[in-house]
Structure formats: structure tokens, C-alpha cells
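Chains as they are written, first to last, in my numbering: chain A, 1 to 424; chain B, 1 to 424.
Please note: incorrect hints may appear among the correct ones.
If chains are identical, the list can't say which one is meant, so a pair holds when it fits in one copy or spans any two.
[What the hints assert, rightly or not] Okay, derived cross-link-like pairs now, EDC-like style, lysine to aspartate or glutamate, Cα gap no bigger than 20 Å in a straight line:
#1 K174 x E83
#2 K391 x E114
#3 K303 x D409
#4 K391 x D101
#5 K186 x E18
#6 K118 x D409
#7 K375 x D115
#8 K348 x D409
#9 K391 x D115
#10 K55 x E83
#11 K303 x D53
#12 K118 x D386
#13 K191 x D53
#14 K348 x D81
#15 K118 x D410
#16 K391 x E107
Calculated directly from the structure, the hints in this document are not laboratory data.
Predicted model only: the values in this text are computed from it and were never measured.
2 protein chains.
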Amino acid sequence: MDEIFGIKGQICFSKDLEHLEIAENGIVLCSRGKSLGVFEKLPEAYAHVPVKDYKDALIIPGLIDLHVHAPQFVFRALGLDMELLEWLDVNTFPQEAKYADPAYAKEAYSLIVEDMLKGPNTRAVMFATLHGESAEVLMDLVEQSGLVAYVGKVNMDRNAPDYLCEESAEASAKATVAWLTRTKGKYQHVKPILTPRFIPSCSDQLMQKLQEIQETWDLPVQSHLSENISEIQWVHELCPDTSCYGDAYARYGMFGGRYPSIMAHCVHCPENELDMIKNNGVYIAHCPQSNTNLSSGMAPVRKFLDMGLNVGLGSDVAGGYTTSILRAMADAIGVSKLYWRTVDASAKPLCLEEVFYLGTKGGGAFFGKVGSFEKDYEFDAVVIDDSQYHKCIDLSVKQRLERAIYLSDDRHICAKYVQGRQLF
Amino acid sequence: MDEIFGIKGQICFSKDLEHLEIAENGIVLCSRGKSLGVFEKLPEAYAHVPVKDYKDALIIPGLIDLHVHAPQFVFRALGLDMELLEWLDVNTFPQEAKYADPAYAKEAYSLIVEDMLKGPNTRAVMFATLHGESAEVLMDLVEQSGLVAYVGKVNMDRNAPDYLCEESAEASAKATVAWLTRTKGKYQHVKPILTPRFIPSCSDQLMQKLQEIQETWDLPVQSHLSENISEIQWVHELCPDTSCYGDAYARYGMFGGRYPSIMAHCVHCPENELDMIKNNGVYIAHCPQSNTNLSSGMAPVRKFLDMGLNVGLGSDVAGGYTTSILRAMADAIGVSKLYWRTVDASAKPLCLEEVFYLGTKGGGAFFGKVGSFEKDYEFDAVVIDDSQYHKCIDLSVKQRLERAIYLSDDRHICAKYVQGRQLF
């Protein structure tokens, strides 16, 4: 880790939303887990540094999944003829209950960690279940894999079936503190994140206790926001004294500001909610595949970008059925085209440069200087061998990246680095 | 081919749009390339017939791609930040021109035939390019593969760049007859189909000559209809005396009726066009991925089904980037959900049963008794080993089929039969 090394290939990364930086036969140098920048030719001072040459392969920053439900991986791509609230009751809750057993959790969580390891993502912000012991199992597995993650033990003390509902706000808070205490200082690459499931699942008492935990433990928070029309209506009924769904988090200090927060979906945010997101620097996890699968709708991403909001991409497994953020990029483009065609002709569809930024530097910002090869960014890199995709045609590196976004699968990921560590 | 044999496994097929037929540990028998039906237990008369046991694997009818541009496969997943007309000029026409060279055609067409062979499709209705000799190369390759296809040499004599435009209506017609003459009687599994590219590419003189060829050679026809708003406007300008886009085909006898026809897309058909489609029994090739990629819009498939129209699925490579009709099923569901949510709340989203029907029996009807395991249907079968997809969870066969639609790729296709011939 202390030594400087480089990797060489066809390098693509983002500095901003509008431009794709491409270095053909470029070299990214790594020192102590961080990038020293991208070079066309090694500077004199680094002339003797070892460089692994990936030749014609594409090299991109590791991708960031800002929203994924790890326990739902085992039942992804099932029951997708339902909308959110029915899907939770029928499909999700009975499956999540199985994680009461840490042995089951180990077997099931191994599958998603293995899948993520083989794919293009290097970091994720994960929901576990309400079971603290199993959440710890997930953290152990991520740590062992070398990937980086925030993992949250879920809190939920109402509007859930008895078999998947914490007994009281006190019990939920106590289990959370026990989980935090047990895992404190245990990991190098995994951190805890506060995880109230969503407002319908959390009583006011619970939210208040979580706020206290957040302050004591200095934790970021993740949850869901304005995903589905019935859900939003339900929140209005549950919290009649709030100005919007987001306000139901904000009144307990869990909507950005001092403590960073990620809100998944934001498909149907009213104007005042978007303003609050902007003012508080809340991160939006845009999950296009899930929003399609659960008939939630199409998020107004062009508007998010025009407003300068913090946006990244999420797989939302198992609302989404694939963990790959390459696929999320493709889906984000597709949905934005349909949104432009059918909802708002002034909302220009997302282009390649933009979705690539969202899936790398956009989401990476939640982790710090992550998601780019600029100097001082953490050295997460994915090497893609796309040679089978450019037969009979000459392609620029940018064209090859576009094709990799649409076509590549785990067969084409041939090397992966996280924080300077080579995972394979 | 003359011998009776069976294959055994977890069998799924459609008889109608509403129901999925499932035979767990069922056997489909094949005699002379046709199904004898599905049995739970072999009848006495067939007790000694050899049965290949695929055990727990799924067995489905071979899938039907009703609309695919074979020459575009090599540049799939490129330039998708454009709409149809720009995409044709910038992306498509220069690439199609390369098929003037039959040696290039052989190399390039081999890639799509190989891809289709490995995937879940068994039959396709294909556009080639305007080059008759290369169209024949494609027919040769499909024939050798054992797959079944209609292949069309494209006709286009206007509104195309000089390097990809036939000199005159006469020259186009002459080249078509030469191609038909050269390939007549040459193939067992490949048939020609008349292929005017779309109305903007075909002069009235050409359409008239194609009608004569259609009558002389008794040919079905394929083309494009009401895909993109600018395209439709253009057709209105080019054919001011027609009542709709479809009428511009119909006045030359190329819109169903006596000669079967497939029209791809039908995203923006006015009512009178839909009535004409119904009255003439025109087949609609629904291509959801392409309609998204090229920002064309969302086809009103629920309406097509309610009207009882003939509908199948198309990959529309390279408007679409994948040939797999499993993926087209997933995309058809997804787009129908967004259509329901944003365009027409009375248009219930498509469900699993419906898209499975469309990708098998719906499109298969264009080929005759194809796309089902019912008695007398041609024996096309695909065996999917989905074992890696049901770890840690018990699934019904229907659930496994849903998951295969969303998740499976060519790694999971472990055997394939077409007209009773085992391809692998």
C-alpha cells in the first residue's frame, strides 16, 4: 500500500457533468490508496514506478451504488407485477424476516457480496434488515471482500407485520446502539449508517430516538423519499403537521445539513421538497430500473441537475433486478428519453457524459473524494475487456465506453482496485 | 427427424394471452419436427420413446424476433444519444454501405447469427441491406446455423445518401428479382420477404414495382410504421393523398390482407391506422427497447391487445442493443408500466403471461403454428439452466420463469431445438 504503482490503458473518467475525460494509453498512478493523477507519459520522478499495462482495455473509476437492499438480492426479479406497497407486503417482508437467523444471513449475503465483487461497482450504501446481528454479518462479508460500504441496520416499529417489526421505539433504539457498539472500530472499509426504513415504518418516538443516536454517534442517514404516489399520500396522513414527506425526516434532523443523508427515488417531490433537498445538500439516489419495475414513475433528473442537486445512481435491488451501475446508467438514459417524450419536452434527455458522472463522481462524493481519477481521489478502478464488442468496426474510446455501458456484464470485468488494493 | 423423441423438464408455454401453461417434470414429444403435445406421463403408445431429461431446467418454446436489422448488429449500443432520423444518417447508413462487399457481410453477419444461436431466439424476421449478394450471404449463414428466418433485401431509392441508394425504381426492382431468382429453392429454413425500408426511402414507382413482385412471387412484406413523430410528419408531406402512414403501404397492397405483413413499432398510430391494421390482420412488431433508445415513445400495447391485433416482439437491433427476446419481454413490461403511470391510467401494465405469449406464440403465428408446445406446433424449444438463480429461496416454476426473463443471458441457454433439430 505504501508503494507507488500505476495502471495503464484506455482511461475514462469525469471531472464534471458535461465532459468525459479520456486518456488513450494513459497511466493512473496510485500512492497510499490515492490517485496521483492521470498521465500520458510518466513524469521523470516516477519513471521507475511499476506499471501494469492493461493495453487496449478500458479503465474507469469504480462505480458507486447509492442505494441497495442487500437482503433483497436473493429474491430480485420476482413479483414485479406489483406496486411498491403490495410488493413490500407480499414479496419483501416475509423474505427479510429470514435474516433473523445469522446463519441464513451469511449464506444469503454472501451471494450479493460475491455478485458485487465480480461486477463494476466498488462501493455501495446498503440497507440490511432490522436484525443487528445479521447486519454485522453483512459488514463482515463486505470487509472481507475488500469492497467499501456503508451498511445500515434497519429501524421499523410500525405498519409492518408482527414477524418483521421491532417491539417498540425503545427496543429499536436499543438494538441499534447494541449493533453500533458491537461493530465500532471493527472495520477498515465498512461504516454504519442510520437507516429508518421509511416514514410509514417509523413512529415519531422512534424518529426522536434515532435523532439522539445520530447526534451521539455522528452518523449519516439513508432512507426513501417520494417514491410512490400511494406512499406519499400515506405519509401525509401519518404526519399531517409536516409540509412535505421530506419534512417528516427534517424535523428529526435526518434530512441533510449537519449529518449527510441519502434519499432514494425522489420521483414525485413537490417544489418545496426539492428546495429543502438543495438547501440541506441531501443526496438523491436515482434508481431508474426500480422506479420502472415498481411502476413508481420517472424521476425528473434533468431538473435535479439544473438545480445543482447532489445526485448519484442506485440499483435499488430488489426493486431493481441488477446490481450493476453500468446498467443503471443505461436505464437512466432510457427513462430520461421517455420522460422527455411523454412528460416534459423541455427536459432534455440525459447523455452519456452525464450518467457516467452520476454513476462515478456524483455518487462517489458521498464517500469523500471518490469516483474520479483526479489527483487525491481514492484509487478505485475497474478494468473492462470489451474486445469481443468491437469486431468489424473501429471505435473511439468514447464509443467503446458507450457500448460497455449498454452491453458489458461481469464476464468483461477483468481487474478491480479499491483504495489502491487490487481485488482481482 | 422421422423418429419420435421427447424432452423432459419444467415446461412453460402459452395457449392464450391470459394463461401460462406449466408442466412440472413434463415431457414434450416431437415427431417429424412437430409437437405431439405435453404429457405429465408418457402415454402407453410412446412408452419406449427416448426422452432426454433436462431435470430441473426450464423448457420454453423458442423465442421469435419479429423485427431485427442484421447488418446493424455490429454497431449496436452506439450513438444512442440521437433520435431516429439523425441516427439513420449518422450511424446507420454509413455502416450499411459496407455490406456492398460480400466478404465483409460474411464476417459481420456471422456475428449476429452466432449471437442469435447462443441466445433464446429460434426465429427472426430480418432486414438485410439493399445489397442482394450480401442478403444471400445472410441467408446462407442462417441456413447453416439451423435457425429459421425470413430475410429481406432492402429496397430504397430516395432520401438516402448516394452511397446507399439504389439508382432507380427499375434498378431496385431488378436487383430484387435477381436476388429472389438466385435464392429460390436454395434453403430449407430461410425464406425471402419483401422489404421496402420505409415510405420515405421508397418512391411511388418503386412501391408499384414491388407490388408487382409481391404478386408474382407471392411474398410477405416487412417495413416500419409510425415510429417517430418527425418521420410521420415526413410521410404526410411525401404522400399528401394518403389517409395515414399505413395507407401509403396499403395503396400498393403492402399492408396485410392477401399478403401477410409485419409493421415495426406502431408507436403513434392514429385510430384509422389501427383499424386498418385490425381489418387487414397486419402484424405489429413491438420493439420497446428501440422505442426507448431512439426516444420514439411508448407504444400503446394494451390497446393493441384489447383490439385483438396480431402482436409480437422485436429486438430492432440496432435501435435495440440486445437480440434476446427475453430482454424484450422485460422491457415490454417496464415500458407498459411507465405508460400506465404517465400517459394513460386506464391502460393496465402488461403482465408476465402476456409478454411471454407475445414473445412466443404471438410472434410465432407469423411463421404458422409456431411458438407453443401444443399439438402440431413446430418443435422449437429452448432449455434454460437457471440453477444459479435460485439459491437461498424456493421458487415455483412460474417464479423461475419470471426471473429467467429478467436475469438470464446466453450462459444459461443449455440446449436448443428448432423444428425438431437439436442445434446444441
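When Cα atoms must be at most 20 Å apart, do K348 and D81 count as within-copy, between-copy, both, or neither?
between (30 Å within a copy, 11 Å between copies)
Treating 20 Å as the Cα threshold, decide for K303 and D409: within, between, both or neither.
neither (30 Å within a copy, 35 Å between copies)
Is it within a copy, between copies, both, or neither that the alpha carbon of K391 lies no farther than 20 Å from that of E107?
Answer is between: at 9 Å across copies they meet the 20 Å cutoff, but 40 Å inside does not.
Can you tell me if K55 and E83 fall within 20 Å by alpha carbon in one copy, between copies, both or neither?
neither (46 Å within a copy, 34 Å between copies)
Can you give me the call for K174 and E83, within, between, both or neither, at a CA distance of at most 20 Å?
neither (33 Å within a copy, 56 Å between copies)
Up to 20 Å between alpha-carbons, please classify K118 paired with D410: within, between, both or neither.
both (6 Å within a copy, 18 Å between copies)
Intra/inter-copy verdict for K118 and D409 if alpha-carbon distance must be at most 20 Å
both (9 Å within a copy, 16 Å between copies)
Within, between, both or neither: K391, D101 at alpha-carbon 20 Å
Classified as between; 16 Å across copies, 49 Å inside a copy.
Between the shortest in-copy and the shortest cross-copy C-alpha distance, which are at most 20 Å for K391 and D115: within, between, both, or neither?
between (28 Å within a copy, 13 Å between copies)
Copy assignment of K391 with E114, given that the CA separation must stay at most 20 Å
between (30 Å within a copy, 13 Å between copies)
Are the CA atoms of K191 and D53 at most 20 Å apart within a copy, between copies, both, or neither?
So K191 and D53 fail the 20 Å test inside a copy (33 Å) and across (49 Å) alike.
Given identical chains, is K348 near D409, meaning Cα to Cα at most 20 Å, within a copy, between copies, both, or neither?
neither (28 Å within a copy, 32 Å between copies)
In this structure, the hints that do not hold are numbers 1, 3, 5, 7, 8, 10, 11, 13, in rising order.
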